[in-house]
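Trainee: With the hints as your guide, set chain B onto chain A.
Number of protein chains: 2
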Amino acid sequence: MRVEIWSDIACPWCYVGKARFEKALGEFPHRDDVEVVHRSFELDPGRAKDDIQPVLSMLTQKYGMSQAQAEAGEDNLGAQAAAEGLPYRTRGRDHGGTLDMHRLLHFAREKGRQVELLDLLYKANFAEERSVFGDDERLLELAGAAGLDTDAARAVLADPDAYAAEVREDQREAAELGARGVPFFVLDRAYGVSGAQPAEVFTRALTQAWEARPRLTTVEGGAEVCGPDGCAVPQT
Amino acid sequence: MRVEIWSDIACPWCYVGKARFEKALGEFPHRDDVEVVHRSFELDPGRAKDDIQPVLSMLTQKYGMSQAQAEAGEDNLGAQAAAEGLPYRTRGRDHGGTLDMHRLLHFAREKGRQVELLDLLYKANFAEERSVFGDDERLLELAGAAGLDTDAARAVLADPDAYAAEVREDQREAAELGARGVPFFVLDRAYGVSGAQPAEVFTRALTQAWEARPRLTTVEGGAEVCGPDGCAVPQT
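Residue numbers (full-length UniProt numbering), protein chains in the order written: chain A, 1 to 236; chain B, 1 to 236.
One thing to keep in mind: the hints can contain errors.
What the hints assert, rightly or not - Straight-line alpha carbon distances no greater than 27 Å define the calculated DSS-like cross-link-like pairs of lysine-lysine that follow:
id	chain 1	residue 1	chain 2	residue 2
1	B	111	A	111
2	B	49	B	62
3	A	49	A	62
4	A	49	B	111
5	A	23	A	123
6	B	23	B	123
7	B	111	B	123
8	A	111	B	49
9	B	111	B	49
Unchecked claim - Examples of chain B residues lying across from chain A (beta carbon under 10 Å, computed):
id	residue
10	11
11	16
12	27
13	44
14	180
15	192
16	197
17	217
18	225
For the record, the hints were derived by calculation from the structure and aren't laboratory data.
In this text, all values refer to a predicted model and were calculated from it rather than measured experimentally.
Using N, Cα and C, we set each Cβ at its ideal position, and we do this for glycine too.
The shape of chain A in the complex, shown without the other chains (with noise of 0.2 Å):
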């Protein structure tokens, strides 16, 4: 079974909700028959990579919250975080463009090393006190800690063509899937979940559309397969 997550590295829900749908699978049965696939949304996806900004001002300003509003929203969101065990800095976070990110995210998924470098970011991003936002040797950082080779991360980073098509196609497909925001988390293709709901919700969402995944019905035809035993010739 395949689950597809949908998600940004500047979206605190998906920080958390990421948690929860680990806690449910950690429990799952069947959770070494389930694939985990990350895919790229960007929440804010035309920003400029230096065009950086502290999340309470960003949250005043595009949001019109006043500052005792964005002050709550972040410290419930450092409450959900810490419920789930996860450090949050309510406090002096930046926000920016995540493109780099997500473009290295694509990287990291063709070296195996998706998952190490996505909770590398996260804890970065949300809860240690350097930005990630416009320091390309910050991103490097992380990428060698998640166990890529720095200097392919680089050229990476270097090339804005680089996986900037795959950032963009798990756009679309978000869109055709009817995401609407993030975390999105979709089970075969068939259920969906948005939202970071909590882990009883993820546990019955894996349980159903693991009763429902397709058993495979082959059509078997004549004689025309190779196989251990040689390629089989037909009667003519």
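Mentor: Leaving out everything else, chain B in the frame of chain A:
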């Protein structure tokens, strides 16, 4: 919709079956929504890299055919290939191990050049005089012609571990899905087609799988989601 095709470069029915499948796909109304992925299946898995032998003597020695039977089998395959417009040398081809080619095909998949490389490997093996076995320079020429970076392809060939796990995983999945030979086609993990069946069989399978393709049922929860309008804060 996703179609996975397990095959081996040394498998004549795979070469023919791919053409039949593509004929059906080319006429399928939803062809632009069909993603095709080629997967590895070594017909002769443990075969040493330098263990190369003429196809006809392999057929007589390994499968105990008479020379006349072996030649008749090749003539039949040549006729089936010709009916699909595919060139096929019925005499003088070699047989050998294909692990390195499968490793290269996984590398090519990452670079978006898988089908280009597969087509060139098939053509080289079935239609051209120079053997594809035991000749790294030949494989690198084909990789270059498929649009791959030949230095990177050379590094893949030089490292026996590169993409070897991916080849093994493909083979494990083929066994799990019940493939006893190749070509083996799997549509959305729900419909299988075994063998180089007529195009009409593929058309029926495509139509059936398309009509039965999963529609997404999404659980929308509370507000714990981030979207273009910011991250909603649930009432607490």
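Trainee: State for each hint whether it applies.
Mentor: Verification of the supplied hints:
Taken as a hint, the residue 111(B) and residue 111(A) pair is honoured in the structure, with Cα atoms around 13 Å apart against an allowance of 27 Å. Under the criterion of a C-alpha separation no larger than 27 Å, the hint pairing residue 49(B) with residue 62(B) is consistent with the structure, at around 17 Å. For the given pair, residue 49(A) sits about 17 Å from residue 62(A) by alpha-carbon distance, which is consistent with the 27 Å threshold. Pair hint residue 49(A) plus residue 111(B) holds up; C-alpha atoms about 26 Å apart against a cutoff of 27 Å.
Between the alpha carbons of residue 23(A) and residue 123(A) the distance comes to roughly 17 Å, so the proposed pair stays at or under 27 Å and holds. Restraint check for residue 23(B) and residue 123(B): satisfied, since their Cα atoms lie roughly 17 Å apart, inside the 27 Å limit. Note on residue 111(B) and residue 123(B): the hinted pairing holds, with a Cα-Cα distance of about 21 Å set against a maximum of 27 Å. In summary, the hint linking residue 111(A) to residue 49(B) is supported, as the alpha carbons are separated by about 26 Å, within the 27 Å threshold.
Between residue 111(B) and residue 49(B), the direct Cα distance comes to roughly 25 Å. Compliance with the 27 Å bound is thereby established for this hinted pair. About 4 Å separates the beta-carbon of residue 11(B) from the nearest beta-carbon of chain A, less than 10 Å, and the hint is met. A distance limit of 10 Å between C-beta atoms decides the matter here; for residue 16(B) the minimum to chain A is near 7 Å, and the interface restraint holds. The beta carbon of residue 27(B) is not positioned within 10 Å of any beta carbon in chain A (closest approach about 18 Å), and the interface hint is therefore violated.
The interface hint given for residue 44(B) is met, as the beta carbon of that residue sits about 8 Å from the closest beta carbon of chain A, less than 10 Å. Because the closest C-beta pair between residue 180(B) and chain A is about 6 Å apart, less than 10 Å, the hint holds. The beta carbon of residue 192(B) comes within 3 Å of a beta carbon in chain A, closer than 10 Å, and the hint placing it at the interface holds. Satisfaction of the interface hint for residue 197(B) is found here, the shortest Cβ-Cβ separation to chain A being roughly 4 Å, below the 10 Å cut-off.
The criterion of a C-beta within 10 Å of any C-beta in chain A is met by residue 217(B), whose closest approach is roughly 6 Å, and the hint holds. For residue 225(B), the interface hint holds, the least distance from its beta-carbon to any beta-carbon of chain A being 4 Å, beneath 10 Å.
Of the hints listed earlier, the one the structure fails to meet is number 12.
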